[in-house]
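Novice: So the chains spell out like this:
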Amino acid sequence: MRNAFIDELVTLAEQHANIALVVGDLGYSVVEPFADRFPDRFINAGIAEQNMMGLAAGMASEGYHVFTYSIANFPTFRCAEQIRNDVDYHNLPVTIVTVGGGLAYGNLGYSHHAVQDYGLMRLMPNMTIAAPGDPMEVRACMRYLMKNPGPSYLRLAKAGEPCLHATVPQVEPGKWLEVIPGPAEKTLLTTGASLALAQSWLQQGAYQGHALHSMPLWGMKSKARQTEQLASWNKVVTVEDHIVDGGFGSWLTEASTLGQSQTCIEIRALSDSIFGQVGSQATLNKIGGLG
Amino acid sequence: MADALAFARAVRRTALQMVHNAKASHIGSALSIADILAVLYHQHLNCNPDIPNAKNRDRFILSKGHACVAVYAALAEKGFISKAAVESYGQDFSDLMNHISHKVTGVEFSTGSLGHGLPFGVGKALAAKKLQEEWRTFVLLGDGEMDEGSNWEALMFAAHHKLDNLVAIIDYNNLQSLTTVDNTLCLEPLADKLRAFGCSVVELDGHDHDALNLAFSKLPAETGKPTAIIARTIKGKGVSFMENSVDWHYKSPNKEQLEQALRELEMAHA
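Same order as they appear, the protein sequences are chains A and B.
In this text, residue positions in the first sequence follow full-length UniProt numbering: the first is 1, and each later residue adds one.
In this text, residue positions in the second sequence follow full-length UniProt numbering: the first is 1, and each later residue adds one.
Quick caveat, the hints were computed from the structure, so don't treat them as lab data.
Keep in mind it's a predicted model, so treat the numbers as computed, not measured.
In this text, a Cβ means the ideal position worked out from N, Cα and C, and glycines have one as well.
Just to be clear, a hint being listed does not mean it is correct.
Claimed, not checked - Covered stretches of chain B, going by a simulated chain A footprint (3 or more residues, C-beta under 8 angstroms): (1) 110 to 122; (2) 125 to 131; (3) 148 to 155.
Claimed, not checked - Once the Cα atoms are required to be at most 30 angstroms apart in a straight line, the calculated DSS-like pairs of lysine-lysine come out as: (4) A:K147 with B:K130; (5) B:K103 with B:K55; (6) A:K286 with A:K186; (7) B:K130 with B:K218; (8) B:K23 with B:K255; (9) B:K129 with A:K147; (10) B:K129 with B:K55; (11) A:K147 with B:K103; (12) A:K286 with A:K235; (13) B:K103 with B:K130; (14) B:K162 with B:K129; (15) A:K223 with B:K103; (16) B:K55 with A:K147; (17) B:K103 with A:K221; (18) B:K55 with B:K225; (19) B:K55 with B:K218; (20) A:K147 with A:K221; (21) A:K175 with A:K158.
As the list claims (entries may be wrong) - Here are a few chain A residues that sit away from chain B, every Cβ distance over 10 angstroms (derived from the structure): (22) Y28; (23) L120; (24) G150; (25) G160; (26) G209; (27) T263.
Just chain B, with the same shape it has in the complex (with noise of 0.2 angstroms):
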């Protein structure tokens, strides 16, 4: 478990540079999802940089894909790609685009247009049954992405189809673009509307490496049922002038802020 926990530092730490040196934005949602992609990467997926293209590997799609510099400093972490490659993220020509890009090893699918993840992951979830293959499909998804009616569309064939091999992980930190979810397009009752369309529902803290280990060992929730996990995050979580705000949508942090952030993340782990 404490491995997981500096996991999810390395991710964060990671992510903050990442953004910090090409002035990106999105770090809000990346720090949101780091104990997610820390235990999952960590401890659940079958994934080997060895052999990043293995059959059997557990397929894993960043729906949200704003968040990659969060994936891209979990595979950095795992081995799947380099230091030197991390360093050249948002840089001209670089494989690492400041949304989720295939080029890089270990990424299955290039986002940035939202809706997109989950329809595309159904679609190798079903191949996996109709191949007889074991290897599972989880996609990550955020609260304001579940807007778009594409995700609605994927979820009810899933149900039809029984892709118990599918895990849909719905960061909900419910902070949109503007504002929040709650403001933006209600989603609630969220568990009853997945549970009405065929999933077998998960709620934990996505902040809880013990809850997510729980609910990731006992895959599927459900027989005949995919599994959808409504993760309650922090968007931000992590850097205090960061947490829960919506200017991290956008901003990117300058030099003392990266600084104090980093700095508060040693603390929380001294």
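So here's chain A without its partners, still in its complex pose (with noise of 0.2 angstroms):
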């Protein structure tokens, strides 16, 4: 996914020369690439996330599309009042970019596991939250934050993910995008990277026979969306690598009783059984459920 939104970023930014980015001292053989290309849009504002969330602000209330680009919990927790209060308030092209979403870097211990990233993120009313669930939904995910400019948070894992599109899908806030039709009104429908392992549990007892779909944008403005979809299933099983608490399937259930859905909503999260363990991600996902 890394690879995925780089590439990306330097084909944006040859047509957009208003694209900035901006990181806090991270990105070791990630963003060469574009601070090569692009040398005076490259910035590292260095280890002062919220400067750097303040300056992307200014520097978006310009012209400028900042992505800021981090691991995980640094540019989110450590300075939420100023997505907060100067991008999401001010309503500005500020795309935070994240690495390490979920527990993609479970041995590096708990500073490093994202899994309440989402949590602080829907909490923002103008927030577009981009958790692509792989290197095709990054591309998309990226063209349609350039068309739309605003407050965003595109979540990555790390890299190697598969891809499970052919192409660059179509994606649209709230819209679920169908990866694996299915014959039964029952459907896993993922955020973010967990679609590589949602799919993998399609072809395990519980869940044969159900279609797999993936959200890779939402937030607070998309909730409204939800209940058309719903209505077409029985049956929704999210799946996320976050927590269940203010996650991606409790805001689905928010969004299911706007509606009064009658579809059944199983949320399969990460419990907090996972909070100051440290092993390799596919052995912290197991502790938190998602085995």
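Taking the hints as your guide, dock the two standalone chains into a single complex.
Specialist: The following block contains the structure:
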């Protein structure tokens, strides 16, 4: 996903002179293609995330579309208020790009486990959460965000995620993207890198015969779109590498109450048992209940 | 010069009236910056109420957003907003909120939580440099606000990137929420700290129009460095019973107090 991100960013920056990339002293062996090609639009803000987010908002207020880049917990929780007040309240085109979504940095410990970030970003009224499921969805999300500038949170996993789409799909906030059709009125609905995990479940007992959908773009404003899509299914199983509390499944459950949906929603997300645990992503996912 | 003094007097009068009408707080903080705003808006800020979003305008950011009545009053004096708008201050659904709001014409940025204005201003100043535009960014901060680490992050960045189109003005009235700055988290030696962070530092009396005028006439103070102006001020300046009193960080003047304050302003300039 990281490579798809930087490759797409370079391509977009060729077309849009207002794209700037600001990093929080992170991105070794990732950001170089952009930094080398557009040195004047690449800024290392240092290990100072509050200033990084404030200055990104300031640049955005002067016509830039600023992409900030760091590991998921740092440019989110560290500067939550700068995101809330400077970026989101002023409705500025800042895309907060993070790597290590979920438990991708499992062995690095709690500081690097990004399993509460949806909960934070969901609270911002203008924020579009972009949680692509594969490298193709990364490109799709970025193209959408450039065409529809505003506050956004692009949550990437790490590297080596498989491509589940053959081509770059069309994406819209709140719209379910069909990945694999199914014969029954049941589907798995994922956001973020859990797409590959959910796909593997389709071959196993409980979820055989389910369809598979991805929702790479969502947020507070997309809730109203869920009623109609939920109505097509008897059962929807949400899958995410985030804790249950304040996550994607919780969001869909809240959305379902707007239209008093009768659809059964099952949430597959991480439990609080993963807090403080260290291990590989696969191991921690199993401990958290995503085995 | 006489006009800037009249401008400052009008800012103080309007600010007092607004705070009284709305039963709001922070009049001391607003009176503290009235002279800085008067000299800036009257003589130095490139801004035009007929084209409030002109590309080449100077950007002014009030980081100590609680002192917004002074800026609203300055914008009214300059013609950005109307007298009627000023009267809506603090009322239900008014754009003139009790912390500065970007919904008001002429206001660049909403603040209210401290430590946000300078990083935002740094982003603007960096953008101006990259776009090769000549306008300048002024950020007015409180002295207590310098407790916030984000300001020091921003200063380091501004100096590193040689943002000499950025001016940070620190309203040093030595009073914060509960007591003096010295008793809270001592800022001294502030000038040395700012120099060590890469700023060119100007120290002056923030009520002395000549000194303010001179400083704003000579920007940047040093080529290649952000300018930090330490403006020594008196909280509540211009109203005897408000001066240097922490009470007026919170209290709102009642009718008698308002009348006395307005009388004092009148007499001082008679």
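Novice: Decide, hint by hint, whether the structure agrees.
Specialist: Structure-based check of all given hints:
1. 110 to 122: holds (count 11)
2. 125 to 131: Coverage by chain A holds here, the residue count being 6 at a Cβ distance below 8 angstroms.
3. 148 to 155: holds (count 4)
4. A:K147 with B:K130: holds (23 angstroms)
5. B:K103 with B:K55: Given that 30 angstroms is the threshold and the Cα spacing comes to 18 angstroms, the pair holds.
6. A:K286 with A:K186: Between A:K286 and A:K186 the Cα gap is close to 23 angstroms, so the pair holds against 30 angstroms.
7. B:K130 with B:K218: holds (23 angstroms)
8. B:K23 with B:K255: holds (11 angstroms)
9. B:K129 with A:K147: holds (26 angstroms)
10. B:K129 with B:K55: holds (14 angstroms)
11. A:K147 with B:K103: holds (25 angstroms)
12. A:K286 with A:K235: Since the Cα atoms of A:K286 and A:K235 sit roughly 23 angstroms apart, the hinted pair holds (cutoff 30 angstroms).
13. B:K103 with B:K130: holds (27 angstroms)
14. B:K162 with B:K129: Status holds; Cα separation ~9 angstroms.
15. A:K223 with B:K103: Roughly 27 angstroms between the alpha carbons, so the hint for A:K223 and B:K103 holds.
16. B:K55 with A:K147: holds (24 angstroms)
17. B:K103 with A:K221: holds (22 angstroms)
18. B:K55 with B:K225: holds (23 angstroms)
19. B:K55 with B:K218: holds (23 angstroms)
20. A:K147 with A:K221: Roughly 17 angstroms separates the two Cα atoms, so the pair holds.
21. A:K175 with A:K158: holds (24 angstroms)
22. Y28: holds (20 angstroms)
23. L120: A:L120 is indeed farther than 10 angstroms from all Cβ atoms of chain B, at 16 angstroms.
24. G150: Holds, since 16 angstroms exceeds 10 angstroms.
25. G160: The claim holds: A:G160 sits with its nearest Cβ about 34 angstroms from chain B, beyond 10 angstroms.
26. G209: holds (51 angstroms)
27. T263: holds (39 angstroms)
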